[in-house]
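Student: From first to last, the protein sequence lines stand for chains D and V.
Every letter in the first sequence is one number past the one before it in my numbering, and letter 417, counting from 1, is 417.
Every letter in the second sequence is one number past the one before it in my numbering, and letter 91, counting from 1, is 91.
The hints are simulated quantities; they were obtained by calculation from the structure and are not laboratory data.
Predicted, not measured: the structure shown is a model, and the values here were computed from it.
Mixed in with the good hints, there may be bad ones.
Claimed, not checked - List time: in silico DSS-like cross-link candidates among lysine-lysine, alpha-carbon distance up to 30 Å:
{"#": "1", "chain 1": "V", "residue 1": "Lys11", "chain 2": "D", "residue 2": "Lys283"}
{"#": "2", "chain 1": "V", "residue 1": "Lys11", "chain 2": "D", "residue 2": "Lys277"}
{"#": "3", "chain 1": "D", "residue 1": "Lys121", "chain 2": "V", "residue 2": "Lys11"}
{"#": "4", "chain 1": "D", "residue 1": "Lys277", "chain 2": "D", "residue 2": "Lys430"}
{"#": "5", "chain 1": "D", "residue 1": "Lys45", "chain 2": "D", "residue 2": "Lys418"}
To be verified - Per label pair, the in silico range of CB-to-CB distance:
{"#": "6", "chain 1": "D", "residue 1": "Asn114", "chain 2": "V", "residue 2": "Glu105", "range": "40 to 50 Å"}
{"#": "7", "chain 1": "D", "residue 1": "Leu350", "chain 2": "V", "residue 2": "Ser79", "range": "29 to 39 Å"}
{"#": "8", "chain 1": "V", "residue 1": "Val155", "chain 2": "D", "residue 2": "Arg342", "range": "39 to 49 Å"}
{"#": "9", "chain 1": "V", "residue 1": "Glu17", "chain 2": "D", "residue 2": "Gly130", "range": "46 to 56 Å"}
{"#": "10", "chain 1": "D", "residue 1": "Asp64", "chain 2": "V", "residue 2": "Val155", "range": "51 to 61 Å"}
Ideal placement from N, C-alpha and C gives every residue a C-beta, glycine not left out.
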Amino acid sequence: MEEMRSPFRIRRASVDEVAWEECALAIAQNHGQLVTLWGSQVSRKKFSATAVYSLRGEGLLWLDLPLEEISFPDISGLFPSAVRMQRALHDLTGIVARESADNRPWLNHGFWPNDYFPLRKDISGLEVHGQATPQNYPFVEVSGEGVHEIAVGPVHAGIIEPGHFRFSVVGEKTLRLEERLGYAHKGVDKAFERMGAVNGYRLAGRISGDSTLAYSWAYCMALESAWNWNVPERALWIRALMLERERIANHLGDVGAIANDAGFAFGLTQFMRLKEKWLRTNKELFGHRFMMDCALPGGVKEDISLAAIAMIREQIREFRSEVARLRDIYEDHSGLQDRFMRTGIVDHELAMRLGLTGLAGRASGVAHDVRVDSKSFPYTQLNVNVAFHEDGDVAARVSVRFDEISDSLSLLEQILEKLPAGEIHSPWRKTQPAGAGAGWVEGWRGGVFVALSVGKGGNVERCHVHDPSWQNWPVLEYAVIGDIVPDFPLINKSFNLTYSGHDR
Amino acid sequence: MMWEVLKQIAKTGIATEAPPAAMEVEAIHIHDEILRILGRALTIREVDAGSCNGCELELNALGNLYYNLEGLGIKFVASPRHADMLLITGPISRNMSTALALTYEATPSPKLVVAVGDCAINGGIFGESYATIGGASKVLTVDYEIPGCPPEPIVILQGILTAVRYKLENHTK
Numbered sequence: 001m002e003e004m005r006s007p008f009r010i011r012r013a014s015v016d017e018v019a020w021e022e023c024a025l026a027i028a029q030n031h032g033q034l035v036t037l038w039g040s041q042v043s044r045k046k047f048s049a050t051a052v053y054s055l056r057g058e059g060l061l062w063l064d065l066p067l068e069e070i071s072f073p074d075i076s077g078l079f080p081s082a083v084r085m086q087r088a089l090h091d092l093t094g095i096v097a098r099e100s101a102d103n104r105p106w107l108n109h110g111f112w113p114n115d116y117f118p119l120r121k122d123i124s125g126l127e128v129h130g131q132a133t134p135q136n137y138p139f140v141e142v143s144g145e146g147v148h149e150i151a152v153g154p155v156h157a158g159i160i161e162p163g164h165f166r167f168s169v170v171g172e173k174t175l176r177l178e179e180r181l182g183y184a185h186k187g188v189d190k191a192f193e194r195m196g197a198v199n200g201y202r203l204a205g206r207i208s209g210d211s212t213l214a215y216s217w218a219y220c221m222a223l224e225s226a227w228n229w230n231v232p233e234r235a236l237w238i239r240a241l242m243l244e245r246e247r248i249a250n251h252l253g254d255v256g257a258i259a260n261d262a263g264f265a266f267g268l269t270q271f272m273r274l275k276e277k278w279l280r281t282n283k284e285l286f287g288h289r290f291m292m293d294c295a296l297p298g299g300v301k302e303d304i305s306l307a308a309i310a311m312i313r314e315q316i317r318e319f320r321s322e323v324a325r326l327r328d329i330y331e332d333h334s335g336l337q338d339r340f341m342r343t344g345i346v347d348h349e350l351a352m353r354l355g356l357t358g359l360a361g362r363a364s365g366v367a368h369d370v371r372v373d374s375k376s377f378p379y380t381q382l383n384v385n386v387a388f389h390e391d392g393d394v395a396a397r398v399s400v401r402f403d404e405i406s407d408s409l410s411l412l413e414q415i416l417e418k419l420p421a422g423e424i425h426s427p428w429r430k431t432q433p434a435g436a437g438a439g440w441v442e443g444w445r446g447g448v449f450v451a452l453s454v455g456k457g458g459n460v461e462r463c464h465v466h467d468p469s470w471q472n473w474p475v476l477e478y479a480v481i482g483d484i485v486p487d488f489p490l491i492n493k494s495f496n497l498t499y500s501g502h503d504r
Numbered sequence: 001m002m003w004e005v006l007k008q009i010a011k012t013g014i015a016t017e018a019p020p021a022a023m024e025v026e027a028i029h030i031h032d033e034i035l036r037i038l039g040r041a042l043t044i045r046e047v048d049a050g051s052c053n054g055c056e057l058e059l060n061a062l063g064n065l066y067y068n069l070e071g072l073g074i075k076f077v078a079s080p081r082h083a084d085m086l087l088i089t090g091p092i093s094r095n096m097s098t099a100l101a102l103t104y105e106a107t108p109s110p111k112l113v114v115a116v117g118d119c120a121i122n123g124g125i126f127g128e129s130y131a132t133i134g135g136a137s138k139v140l141t142v143d144y145e146i147p148g149c150p151p152e153p154i155v156i157l158q159g160i161l162t163a164v165r166y167k168l169e170n171h172t173k
């Protein structure tokens, strides 16, 4: 077992199949969480599977399993969220999870051959496969008197990302929902291998646009760890400032949009107004409304001036009172609360069993937050409150967002208070050694994880990026059971998971 | 409660901004043009063909009260069958190619197609690969391109208006 060089605690070990299964069992029994799972071709004849687990406040465990055949023991019996990760792993590498209950393709929709595995080393990823015939995807069918299906997507009615939902309903009641994702698959893992490690942060920042800061920071953290690249403290503080601004921007948009899906357009109008103001300030401060490319390897792109600090302080005061006033209106609105409460419930037991994570997890009483769990700088210097709620319904997910807006406004104040003087970027001077690193950042949805392996020439050998939506999409299928179909947009919005970040 | 809502609305006032000076005359002109040719508002169907969702954030922002989109006679609609224009984002993932083609087929004439963002123009950072086609113009006739990563709402608005003008000029000829 080796301690990896990292701002947070992560240990790495190579295991055999027996230990792979025993570890998974022990971790599951002790309520550890599966963070992510991926496969790699290490050399011409060598393949490996890798799982990363979170050990309840004791950091992360990175387990490599070198493969004899190109298969490994299924872990989805212990960690249900592994099912889709294993299916994607197969589509990308050809490595099979043995005895898994579900082996349907996930990212491969039939536009490239079944035996084309983009992450193989003899594949460039640039191959084009002409006219393909999309395969028929066998959805699970529900039968019974009066049961019928509703198919939705991949093109949705609003300005939303692409995905397909298959509802089995009786009357208005949802009996079963099955998601089919992968429409936004862009071959990101392979695209990393075509660019130098230093440039990868730009691609990382475009895996899920709404979480560009979380991804680019996690990527930078992985690269900086791999190369033992010291980042000036001031830069890390500014990254935290930008990350909290990203969280607030998304939460503002969501609390407005969720209310809109419950028929309260006033909420959308008011919160979109606040979000627009917030984004315009981002542009003023950092030159980009979403702060894309503003965190880069070695530091950050833009410093903040004393005048900017005064402006942010003023804005914090303004937003605190605006949001509090609107929150009161939400909470006093009986019609709105009637739609929110007891809708789309994921109780604590189900959340634990399915591995619900991040913001949605906290709304079901799973009090995990990377900002606290990772014990990494600069969050160790800040007083981070982990907002959580027990009810697990739409109301709880709205409430956690409101709490987090308020908490993040406080964090911004603390950051401005403690921001040290100094450089904002340290250039890379040494020759580039080969190495591996990990990045782990609490994006606004939950923990974003990046695993990076860099070759001697500074090329990316393998980069795996993970969005918490991998854990949470399958739970949405449970959250809607028994609710009426017209509540689906509301429940879906209350999770607001990423398609692109999942499909990558 | 209702009193609080009304108070908030009154307090907020009108946040809508005038269209950028250079566009104002043009906007009114375009509005009249749209009415003259189509006899109704310009309707738009957005298709995300594998975007990172950055462009969607800005398209949604375009709907906020600062930009007064519907006041200009422009409306996003739920079905391509009701749309005059398709706004396409993303590097055109192969997995979205069928859905995109079907959406285009379902759109009635004049079928204006606008590529929004660098990805929809040339694949952007994702380029062309086993998974992405690398730009809307490789599968459809694109009438107008709006660059940016992502383009800001005001840039998208200007782009939409310019696209309509180009198409309508050709239409009248």
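Student: Each hint: holds or not?
Tutor: Tested hints:
no. : hint                            : result
1   : V:Lys11 - D:Lys283              : 26 Å, holds
2   : V:Lys11 - D:Lys277              : 16 Å, holds
3   : D:Lys121 - V:Lys11              : 61 Å, violated
4   : D:Lys277 - D:Lys430             : 42 Å, violated
5   : D:Lys45 - D:Lys418              : 52 Å, violated
6   : D:Asn114 - V:Glu105: 40 to 50 Å : 28 Å, violated
7   : D:Leu350 - V:Ser79: 29 to 39 Å  : 36 Å, holds
8   : V:Val155 - D:Arg342: 39 to 49 Å : 43 Å, holds
9   : V:Glu17 - D:Gly130: 46 to 56 Å  : 49 Å, holds
10  : D:Asp64 - V:Val155: 51 to 61 Å  : 46 Å, violated
In the structure shown, a violation is registered for the earlier hints numbered 3, 4, 5, 6, 10, in ascending order.
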